[in-house]
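Read off the chains here:
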Amino acid sequence: ETGVTQTPRHLVMGMTNKKSLKCEQHLGHNAMYWYKQSAKKPLELMFVYNFKEQTENNSVPSRFSPECPNSSHLFLHLHTLQPEDSALYLCASRLGTSPTYEQYFGPGTRLTVT
Amino acid sequence: AQSVAQPEDQVNVAEGNPLTVKCTYSVSGNPYLFWYVQYPNRGLQFLLKYITGDNLVKGSYGFEAEFNKSQTSFHLKKPSALVSDSALYFCAVRVFMNRDDKIIFGKGTRLHILP
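Same order as they appear, the protein sequences are chains A and B.
Residue numbering for the first sequence follows this note's numbering, starting at 271 and increasing by one per position.
Residue numbering for the second sequence follows this note's numbering, starting at 27 and increasing by one per position.
FYI, nobody ran anything at the bench for these hints, they're computed from the structure.
Quantities reported herein were computed from a predicted structural model and do not represent experimental measurements.
The reader is advised that the hints may include incorrect statements.
Said to hold, decoys possible - Derived EDC-like pairs (lysine to aspartate or glutamate); straight-line CA-CA distance at most 20 Å:
| hint | chain 1 | residue 1 | chain 2 | residue 2 |
| --- | --- | --- | --- | --- |
| 1 | A | K322 | A | E294 |
| 2 | B | K133 | B | E34 |
| 3 | B | K133 | A | E354 |
| 4 | A | K310 | B | E34 |
| 5 | B | K128 | A | E326 |
| 6 | B | K133 | A | E294 |
| 7 | B | K103 | B | E34 |
Isolated chain B, as found in the complex:
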C-alpha cells in the first residue's frame, strides 16, 4: 500500500541548533514530495517540493529537504532553528498513475524549538 510515514510525533530542538524532521514514503512510480507547515489556528502552508532534478531542495524560511531515492526519504532540515519555527509539519506525497492523481499526507510532526 502507498503511504507516507513521519516517525516522530514531536521533535524538540534548542534554538540555534540544526533541526531535522523525518519523512519516508512508499509509493509506486515517481514520487512528487512536498512539505507543509501549519501554525496554530492556521491552514497548511507550502514550504517546498521535490519534483525532479537536484536532490537538495531549498524552500521558504530557510528550510531545505533532501530527496534520497535509495532510502525513500525526504527529510526536512534547517541549519539553525528559530523559536518561530515551532509548528506542525506535514510531509506529503503526490503520485500520478493511470490518470489518477492522489496526495497522501503524513500524520504530522510537532516541532518545538526551545529558547
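Same shape as in the complex, but just chain A:
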C-alpha cells in the first residue's frame, strides 16, 4: 500500500451518466494529481493541485471537473463522457512543491464508458 486510496476501483457508466472518482491520501502530502492511462499511450497528466489550489490543467475537456476540498482529498467529477474516455485514472500525491520529491500513486479507477 502506498498510502493513496482510490474509489471505486472499477466503474462502468453510460455517456449520459454523472459519476465521481475519489482519491484520498494519508501521507500528509500537499500536492495531488490526476493522470489518465490509456493502452498504448503515455501517461497523461490531467490536473495538479498544490495546497488545494489548482495549478495545472492540461487542456482537459470540461466533461472532467476536478475538486480538491482539502489537501487529503481529490475528486474527479465526470459527466457526458465519450467512449474514448475509457481508461485507468490514477491519482497521485507528493509531499510538497520541491521537484526532488517523488510521487505516490493510488491503484487507479478502471473506467469504462459505454
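Mind docking chain B on chain A? Use the hints.
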C-alpha cells in the same frame, strides 16, 4: 522540445540474468530523474531517483540506475532478474525552471522475465 524516451516497448530476460531497461532524456536545465514500476492492476510505485551526487543510484527491490550526463541516459539495471520483476517500468524526468515544475513520463517498457 523536452522529452523522455524509452526505446524498447518490451524487454525479455531469462531469470537470473542481468537486466537493463533503457531511458534517455532531453531537457533544459538540471534533470531530476525517476524510475517507477507498475504491477498488474496497480498504480505506479516509486523505485529510485537521481537528484544530484553519485551517478549510481540504488533503489528498491535490488534495482539501481546510472545517470550518464554525456549520454543523457538513466538506464535501470539489476544484476540478477527475478520472475517477480515482470512489470511495466516508467522513466520520468522532472524539470523545474522559472517556477514551472513539470514531470514528463516515458511511454513505459514492459519487462518480461522468463523462468
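Looking back at the hints listed earlier, which ones does the structure fail to meet? 6
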